[in-house]
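Chain B: place on chain A using the hints.
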Amino acid sequence: MQTIAKRPESLRDLQFTYCPGCLHGVAHRLIAEAIDELGLKNQMTGVAPVGCSVFAYKFFDFDMAQAAHGRAPAVATGMKRARPEMNVFTYQGDGDLAAIGTAEIVHAANRGEKMTVFFVNNAIYGMTGGQMAPTTLKGMKTSTSPYGRDTDDIGHPIKASEMLNTLDAPYYIERVSLLSPADIIKAKKAVLKALTYNKEDRGFTFVEFISTCPTNWGIDPVKSLAWAKENMLPVFPIKNFRDKGSEGVAQ
Amino acid sequence: MGEKVLMKGNEAVAEAAIRAGCRLYFAYPITPQSELIEYMARMMPKVKGTFLQAESEVAAANMVYGAAGCGKRVMTSSSSPGVSLKMEAISYIAGANLPAVIVNVQRGGPGLGDIQPAQGDYFQATKGGGHGDYHCIVVAPSSVQEFADMASESFDLADKYRIPVMILADGLLGQMMEPVEFKEPKTDAEIAEQGKQHHDWCIHENIDGPDRHHNEINSLEIDPNVLERHVLALDKKYKEIQANEVNFEEYNINENNEMVCVAFGTAARIVKSAIDELNAEGKNIGLIRPITVWPYPYEAIQNAVHSKVKCVNVFELNLGQMVEDVKLAVNGKVPVHFMGKVGGLVFTPAEVSEDIKKYL
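So the protein lines, in turn, are chains A and B. Counting from 13, one number per residue, gives the positions in the first sequence under my numbering. Counting from 5, one number per residue, gives the positions in the second sequence under my numbering.
Careful, some of the hints might be misleading.
With the C-beta cut set under 8 Å, the calculated list includes, among others, these residues of chain A facing chain B [what the hints assert, rightly or not]:
hint, residue
1, N54
2, A79
3, A88
4, G90
5, R93
6, R95
7, T114
8, A115
9, H119
10, D164
11, K171
12, M175
Chain B is faced by these chain A residues, among others (derived, beta-carbon under 7 Å) [what the hints assert, rightly or not]:
hint, residue
13, T89
14, M91
15, A94
16, M98
Quick caveat, the hints were computed from the structure, so don't treat them as lab data. All C-beta atoms, glycine included, are put in the ideal place defined by N, C-alpha and C.
Excised from the complex, chain A in its bound form (with noise of 0.2 Å):
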C-alpha cells in the first residue's frame, strides 16, 4: 500500500481547536510541511499568538511559546538572541500584528531578526467574536463596526506588507493567498523560499497568507472564498514585494 497523503511530521497529532472552513489548518500544514521538507523540525521553534491561532503552541510538533497579544516578534527576538543556533518563526493574526502588536512588528523587521513571520490576515478579530481588525475592509461590518467600518472615523485598513517594504532591512516579504488550491501552492513555494532563507540565517522574512473567517463574516466558507478574492485581494494584492536573494539574479 502506498502513502500518498499524511500529517506532516511537525504537527501533533491533535485536533484543531479552528472553525469548519477556516483556513489557519491549510497555514499550519504548509509551514509544517516546508519544515518537514528542509529538515528544520528538531532546529524550529515557533512562537504563537494571542488569537485563534493561540493554540498553535500545542499544534507544532517542536518547542513553541506562548507569546502576549502582539509581542510574538520581541519574544522571538529574545529567544533567536539566546539561541542564535535555532530557527524560530511567529505565527500571528491580524489584530495581534497590526494593531496591538505594531511596534514589535516594525521593529523586529528593521532589526532584521534573523526569523520567519507568518501573517494570517482575514480582516477580523476571530477569537474574540468578530470585531473590526486594522485590516477590516472600508464598509465592512464586524461587531465593533456594526454600520461598516467608517474610514473617516477610525481609519483605512492597514498594509503590513507594504507598511514593512519601506524599511532597509527585511530580506523577503511576500503577500500570498489561500483562497483556491492553485493560490495554496504558491503559498506553499513562499512559505519554503521564507523558511529557506530562515534556515540559512538570512535575514527577517515575512509571509502574509490573506484568509477568511467563515464564521465572524457570517458567509459560508465556499463562499467566503470568493468574496475575499473579490473583496479583500483588490485591497492586499498578491504578491512578492521583496526577495533579496534573488537580487542580480534574472527574474
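Then chain B, alone, in the frame of chain A:
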C-alpha cells in the same frame, strides 16, 4: 573578591550581573537608570553577550520572556514608568515559571512624576503589579555594594525557583557612587554548567535526545480545572519561598528597645543615621531593615516587638505602602506610626529624629 572600586550603583549592578553570567540584556533608556543600559551597551559585546536597545519597555520585557524561555540568564532594567510597561511580561514570566531579573531604579510618581529617588513602587513590586495571582521575589538594596551583590543573588534565586526577581532600588542608589567589591566573574564553562539546571524544560535543549519531548513556554491553560492546578502549584512555590528566603537586617535590635523602626532601601540608611544620634543620647531604638520585601520579614518584626517596645515607626519615601505589611506583622500589639516623604524628596536624619522624638 578583588579590590574596591568607586562606582555608581547603576554601573555596579550591571557589572555584577555580567560577572554572574548574565549574557542577555534588553532594555529601553529612562532616567535615572540610563548608566545601567549604557554600561551594558559598552560591556556586553566584550563578553560576547547580547545587548539590545528595544523599541519599548514592553518589547524589552517580552524579549526577556523569550530569552528566559531558552534557559539563559537574562536581565532588563528601567525606572518606575518603564517598569509599569514591563508588568505585562512580568506576569507572563511568572505564569510560565521563567527565571529573570528586573531592576527598578525607582523615581517619583505617579504618572511621569519626576526623576528623583522614591519608593512609590512598593505596592506594584510586592503585591503584583501585573495581572493575576503571582509574586516576584523582590529585594531592596541600601548601598551600592548591596545593589551589586544582589545581582548575582537574584540570578541564583531566579534560577532556583524559576521566578522573576526584582531588585527594587531607587534613583539615589542608582546615581550614588560608593566603593564596591565584585565577585570573580563566572567563566563560560561555569555559565554553561549553571544553565544545565534548565535543560529539561527550556527551549531548544537536548534536541536530539532520546527522551526529547515538545517543550512549551506558556502561561495559558484554557481549562479552569487545569489553570486552578497551575495557580495552586505557583502558590506552593511562593509558600516555599516565604518559608526559606526571607532576608532582613537587624540594627540595634535588643530586649531593651523602646522603639522599633522599620525602613528599607535608601530610607533605611537615613533612619540608621537618626537612630545612631538618638542612641548616642541614651535612647534605645532598633531598626528592622527588610532586605527581601517579598517575601516580607513579618516574623522578624513580630519578634522585635516585645513588652518594652512602645511603638513601631515606619519611614518610607512614599505615602505609606510598606507600613501596611508592618501593621500586619504588629497586629495591633503596639501603635504603628508612619512618616513619609514624596515628590522625589528625601528626608534628612534630623527630620527623622524629630519625628521619632514625638513618640518617645
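Interface hint check: A94/A, Cβ to nearest Cβ on chain B, cutoff 7 Å. Holds or violated?
Given a least distance of 4 Å, the restraint on A94/A holds.
Does the closest beta carbon of chain B sit nearer than 8 Å to the beta carbon of A115/A?
Status holds, d = 5 Å.
With 8 Å as the cut and Cβ atoms as the points, is D164/A at the interface with chain B?
violated (30 Å)
Quick check on G90/A please, does its C-beta sit within 8 Å of some C-beta on chain B?
Status holds, d = 3 Å.
With a cut-off of 8 Å, does the beta carbon of K171/A approach a beta carbon of chain B closely enough for the hint to hold?
This hint is violated: K171/A lies away from chain B, its Cβ roughly 21 Å from the closest one there, beyond 8 Å.
Please verify that hint: M175/A, Cβ, nearest Cβ of chain B, below 8 Å or not.
violated (15 Å)
Does T89/A meet its interface restraint, that is, does its C-beta lie within less than 7 Å of any C-beta in chain B?
holds (5 Å)
Would the stated hint for A88/A survive a check requiring a Cβ distance to chain B of less than 8 Å?
Holds: closest Cβ of chain B sits about 6 Å from A88/A, inside 8 Å.
With a cut-off of 7 Å on the beta carbons, see whether M98/A makes it to chain B.
holds (4 Å)
Interface hint compliance - N54/A to chain B, C-beta minimum distance less than 8 Å:
holds (5 Å)
When the least beta-carbon distance from R95/A to chain B is tested against 8 Å, hint result
It holds, given that the least Cβ distance between R95/A and chain B is near 5 Å, below 8 Å.
Interface hint outcome for M91/A [beta carbon to chain B under 7 Å]:
Because about 4 Å separates M91/A from the closest Cβ in chain B, which is inside the 7 Å limit, the hint holds.
Comparing the model with each earlier hint shows violations of hints 7, 10, 11, 12; every other hint is respected.
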